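*Asks:* Sequence:
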Amino acid sequence: MATFLALLMTGLISVAEYESMQETLDILSDEETLGDLRQSREDFAVSGDPAEHEPYSVGLSGQAHRNIREHLPLEVAAAALETIEGSIAVNP
38 MATFLALLMT GLISVAEYES MQETLDILSD EETLGDLRQS REDFAVSGDP
88 AEHEPYSVGL SGQAHRNIRE HLPLEVAAAA LETIEGSIAV NP
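Here the sequence shown stands for residues 38 to 129, where the numbers follow the numbering used here.
Just so you know, the hints here were simulated from the structure itself, not pulled from any lab data. Please read these numbers as outputs of a predicted model, since none were measured by experiment. Don't take each hint at face value.
[As the list claims (entries may be wrong)] FRET-style restraints, in silico, Cβ to Cβ: (1) R106 x V52: 21 to 29 Å; (2) G96 x E68: 32 to 40 Å; (3) A115 x E79: 13 to 21 Å.
For each residue, glycine too, the CB sits at the ideal point set by N, CA and C.
Based on the sequences and whatever the hints tell you, model everything.
*Replies:* Next up, the structure:
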């Protein structure tokens, strides 16, 4: 939760994105909903591994780059960039 607040405060995410993340956390904490999601994944399995495809190009605004560089501790900034350029680019 603190990470989402840090992203919100640094301007890396909007209030709408923050609220969406909150809603996602609520859904993920509901066991019945998770069971439905698991069943849906099994019913409509996507063919192929997304990691086998070329990664997407993820661009950050100048403001996002400044916020990462100026407002986040080095370890957090490195982890954020690794996630943005890694797993998000491969499987958004």
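*Asks:* Does each hint fit the structure? Answer for all of them.
*Replies:* Going down the list of hints, with the structure as the test:
Against the hinted window of 21 to 29 Å, the Cβ-Cβ separation of R106 and V52 comes to about 23 Å, which satisfies the hint. For G96 and E68, the hinted distance range of 32 to 40 Å is satisfied, since their beta carbons lie about 37 Å from each other. About 36 Å separates the C-beta atoms of A115 and E79, a value inconsistent with the hinted range of 13 to 21 Å.
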